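Colleague: Sequence:
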Amino acid sequence: MAETLYLIDGHSMIYRAYYAPFRALTSPTGEPTRATHVFCQQLITFIAKRKPKYLAMAVDGPIEHLKRKADYADYKVSRKPMPSDLPPQVNRITQIVELMGIPVLRAPGYEADDVIATAVEKFAGPDMQVVMISRDKDLDQVVGDHSVLYDPMKDETLDAAAIRRLKGYGPDKAVEVQTLTGDSTDNIPGIPGVGPKKAAKLIEQYGSADEVVKHADELTPALKAAVLQSAAQLPLARKLVTLDRHAPIELSLENMRFSGIDGSKIRPLFAELGFGRLLDQLDKLGVRAAAPAGASGAFATSLFDAAEPSKPAAPSQAQPPRDEESAKTPDAGEMTCAADFKYELIDTSEKLNALAAELRGVTRLAFDTETTSTQPMWCDLVGVSLAWNSGHAVYLPIKGPLGACCLELEDVRAKIGPILADERIEKVAQHVKFDMIVLANAGIEVRGPLFDTMIAAYVLDSARPSYKLDALAAEFLNHRCIPIADLIGRGRKQITMDSVPLEQTAIYAAEDADVTLRLWEALEPKLRQQGLAELMMNLEMPLAVVLCDMERRGVRIDPQALRRLEIDISKQADALRQQIIECCGVNINPDSPRQLADVLFGKLGLPVIRKTATGPSTDSAVLEELADKHELPALVLEYRKLTKLLGTYLVGLRECINSRTGRVHTSFHQTATVTGRLSSSDPNLQNIPIRTELGRQIRSAFIADEGCVLLSADYSQVELRVLAHFCRDPLLMRAFEQDQDIHAAVAAEVFGVPLGEVTSEQRGRAKTVNFGIIYGQTAFGLAKTLRIGRTEAGEFIDAYRKRFPKIGEFLNACIDQAKELGYVSTLFGRRRSIVGLHAANPSERSAAERLAINSVVQGSAADLIKQAMLNIDSRIRRENRPSRMLLQIHDELLFETPSSAVESEQEMITHEMINAIKLLVPLKVDVNIGANWMDAK
1 MAETLYLIDG
11 HSMIYRAYYA
21 PFRALTSPTG
31 EPTRATHVFC
41 QQLITFIAKR
51 KPKYLAMAVD
61 GPIEHLKRKA
71 DYADYKVSRK
81 PMPSDLPPQV
91 NRITQIVELM
101 GIPVLRAPGY
111 EADDVIATAV
121 EKFAGPDMQV
131 VMISRDKDLD
141 QVVGDHSVLY
151 DPMKDETLDA
161 AAIRRLKGYG
171 PDKAVEVQTL
181 TGDSTDNIPG
191 IPGVGPKKAA
201 KLIEQYGSAD
211 EVVKHADELT
221 PALKAAVLQS
231 AAQLPLARKL
241 VTLDRHAPIE
251 LSLENMRFSG
261 IDGSKIRPLF
271 AELGFGRLLD
281 QLDKLGVRAA
291 APAGASGAFA
301 TSLFDAAEPS
311 KPAAPSQAQP
321 PRDEESAKTP
331 DAGEMTCAAD
341 FKYELIDTSE
351 KLNALAAELR
361 GVTRLAFDTE
371 TTSTQPMWCD
381 LVGVSLAWNS
391 GHAVYLPIKG
401 PLGACCLELE
411 DVRAKIGPIL
421 ADERIEKVAQ
431 HVKFDMIVLA
441 NAGIEVRGPL
451 FDTMIAAYVL
461 DSARPSYKLD
471 ALAAEFLNHR
481 CIPIADLIGR
491 GRKQITMDSV
501 PLEQTAIYAA
511 EDADVTLRLW
521 EALEPKLRQQ
531 GLAELMMNLE
541 MPLAVVLCDM
551 ERRGVRIDPQ
561 ALRRLEIDIS
571 KQADALRQQI
581 IECCGVNINP
591 DSPRQLADVL
601 FGKLGLPVIR
611 KTATGPSTDS
621 AVLEELADKH
631 ELPALVLEYR
641 KLTKLLGTYL
651 VGLRECINSR
661 TGRVHTSFHQ
671 TATVTGRLSS
681 SDPNLQNIPI
691 RTELGRQIRS
701 AFIADEGCVL
711 LSADYSQVEL
721 RVLAHFCRDP
731 LLMRAFEQDQ
741 DIHAAVAAEV
751 FGVPLGEVTS
761 EQRGRAKTVN
771 FGIIYGQTAF
781 GLAKTLRIGR
791 TEAGEFIDAY
801 RKRFPKIGEF
811 LNACIDQAKE
821 LGYVSTLFGR
831 RRSIVGLHAA
841 NPSERSAAER
851 LAINSVVQGS
861 AADLIKQAML
871 NIDSRIRREN
881 RPSRMLLQIH
891 DELLFETPSS
901 AVESEQEMIT
911 HEMINAIKLL
921 VPLKVDVNIG
931 ANWMDAK
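Heads up, the sequence shown is in my numbering, so the first residue is 1 and it goes up one at a time.
Here are the simulated BS3-like cross-link-like pairs (lysine-lysine), alpha carbons at most 27 angstroms apart as the crow flies:
| no. | residue 1 | residue 2 |
| --- | --- | --- |
| 1 | 224 | 239 |
| 2 | 265 | 51 |
| 3 | 137 | 198 |
| 4 | 76 | 197 |
| 5 | 69 | 239 |
| 6 | 122 | 49 |
| 7 | 918 | 806 |
| 8 | 224 | 201 |
| 9 | 49 | 265 |
Per label pair, the in silico range of CB-to-CB distance:
| no. | residue 1 | residue 2 | range |
| --- | --- | --- | --- |
| 10 | 706 | 795 | 52 to 62 angstroms |
| 11 | 808 | 201 | 50 to 60 angstroms |
| 12 | 421 | 553 | 19 to 29 angstroms |
| 13 | 734 | 445 | 48 to 58 angstroms |
| 14 | 529 | 162 | 49 to 59 angstroms |
| 15 | 104 | 528 | 34 to 44 angstroms |
| 16 | 104 | 73 | 20 to 30 angstroms |
| 17 | 737 | 595 | 51 to 61 angstroms |
Don't read these hints as lab results, they were simulated from the structure.
Keep in mind it's a predicted model, so treat the numbers as computed, not measured.
A virtual CB, placed ideally from N, CA and C, is assigned to each residue, including glycine.
Go ahead and model the full structure; you've got the sequences and the hints to work with.
Modeller: See below:
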């Protein structure tokens, strides 16, 4: 049986990977990696499927030294330069391929196609099938009885018959066809107006390009003229398109023998690049981190070994604690797991006492909690894990299965509480806010310097796909954590942690604390090296403490007010539902997109705006576009608003009222947005509508405690003030300094009218552009928002930029910084990596430019309000003031304060907010006070 040699066309496949429809990717260090990731994913999949015995990749020699360049100086001069983010990926891919044990073939002065053609010439035959991994048409001429083309992305093989069927000519005529067509990509001259189909017909009729010239009189006048005009250059074209099958390169089958991926070399590099999914892919294929004992050779660890893939220790077979001598140190490239470290169960008073004595001398302590749920204000504490030496951790069980030997909470509080509260000991945690809330509810206070590994990873890269412990452990430590599902299961059969046997919980929990401590060792130096330690320790970590208190405090809601609103809105929704049915003339369910589509596009004959996989779309954007053509779309839009208010806010909020406190406790997230803004969930209190009357009524259900009022302090146009600070435009700065209506002031400048004569329409347009400019809004976007022509929108933006030239200069500076450094920075030094600025796709490039602009302005505004929160909290604590911070809603802070202290508290809060940071223009804060949130807004 014939063997198979696989040859990868490196140039072709790398370019295809670069332009594949895949999201932009960067490594944790900001290196562009989209092409690298796609290429590696395809390569690993190919290796797993084809199990190649012989494998190599051919690459081009330097373009300036190509032999064809000597024959034709203009060869490839019309080719666009390689996108700036691609060359480093080409180098990285070449490195990865070589580390995988795949030889990279080069011949100075020759291209990858020539190298492949040479290999086909040498090896293809009855005993060796050659598979060229490429879709480059230039290789069609090399396809033969024992050589084929293969497209891994389509899993499609092209032999001679397939080429003849698809293109109308066989491999033996490929050179002649290309001689006639030339190649505009490589600047190879051909016959003008002759494309592949016409060339194929001419070659089929006349046999060769030379014969086409000889029979030019038989062609149409236009084609005859083109052929005769180009006849002299056809020999050169033929020479350029013909692949050299004798390139000067030493080729040996033995050197191309593939023995499997060497995990010890690839795993550390994949971890460095942030390729967590590719590491998982290697796991599934059995690519181990290092060769087994006794193996020899560079590729002893084969992708196709029969041995089982390495796995983390199954919790059901938990290993007993081991002493220091028995714990092994894994090899540098090996992916570690819990079995490699020393984890102990502290389940008696004697062990607890000894632990407490040992911990009194530590300077840094990692801690983690196990709970009955992921809702910190609802769950019970199951246990605490602690780590203070890398590779060693303990678990203190407080709750467990019936009959389990657990510690008393009072004993843990008495012995471990003082250590967690010791301000001389630095505390390290993953999602520290969650653990602090859980422990505080159990009567255990955490004080002292804090370090959250999740937030540290976010500060280093706010676009990382995951900040979960498992993902960070794989990326930074090359460690595979025990999956939580191995302990508690999934779906309906899922149990809670207090039902898991202690021996399993102990290893799982101790591993979390140990991994967290080791992540501190990995991340803390990176923060210092990149100049981000101050942002982390002086802004984000103190903020975590403030947010912890805010979440525990919660906000009071009147359930009866919610119920009354629910009844009222339900009646309105029912009435609208009936009105929709009457409008349709048939009894339909307005909640069914399919039934609605049948009426809109079938019965009523309205135009289909956009289609989905299941039929015409009826989403909000479509209905808004159809609203001026029939009354039904507007009715459905209003109906949907009401049903969303009911389900999301009225019923949802009532279900979120904590039975223990009678208040709603949202969770704030510091790592959920790329710009540094906070978000909230369970419930999301930052998204309660305020523009509609019904939305404002929902806010009326948020009330103050007896004897108190709610105080809302809202930054006025903070992002525009940040923009004015950055760009230093004199007209924009003057408007803020004189406390003018900024939108009217801008309208007056753009339209050239006195401030007092600005119309509401002019002010509205200026307002749209003012805020849109921060987000890099284009003429297309402005036209859509204002419902005006694109030309008119473009003229308005041009007039705006002409009147405020410094704004344009600043926006360009943001983009230039991103291009030069790969990231942009906020006022506080927060960085956001920007990818796509050099993309060939204009839409992708434009989106990247908008991100560069938005990240600086919005990110600075987000940091500013965080600093204000810290300053206010510091004043409250230091002066024992009565106000309590309840919520942060982007630019707004909501407080609860005694009615008797409103005046002094308002003065303090306003002072700290406007002095959070010194800008070149004054900050302004609007304060409102009321018994409920609606009145305070």
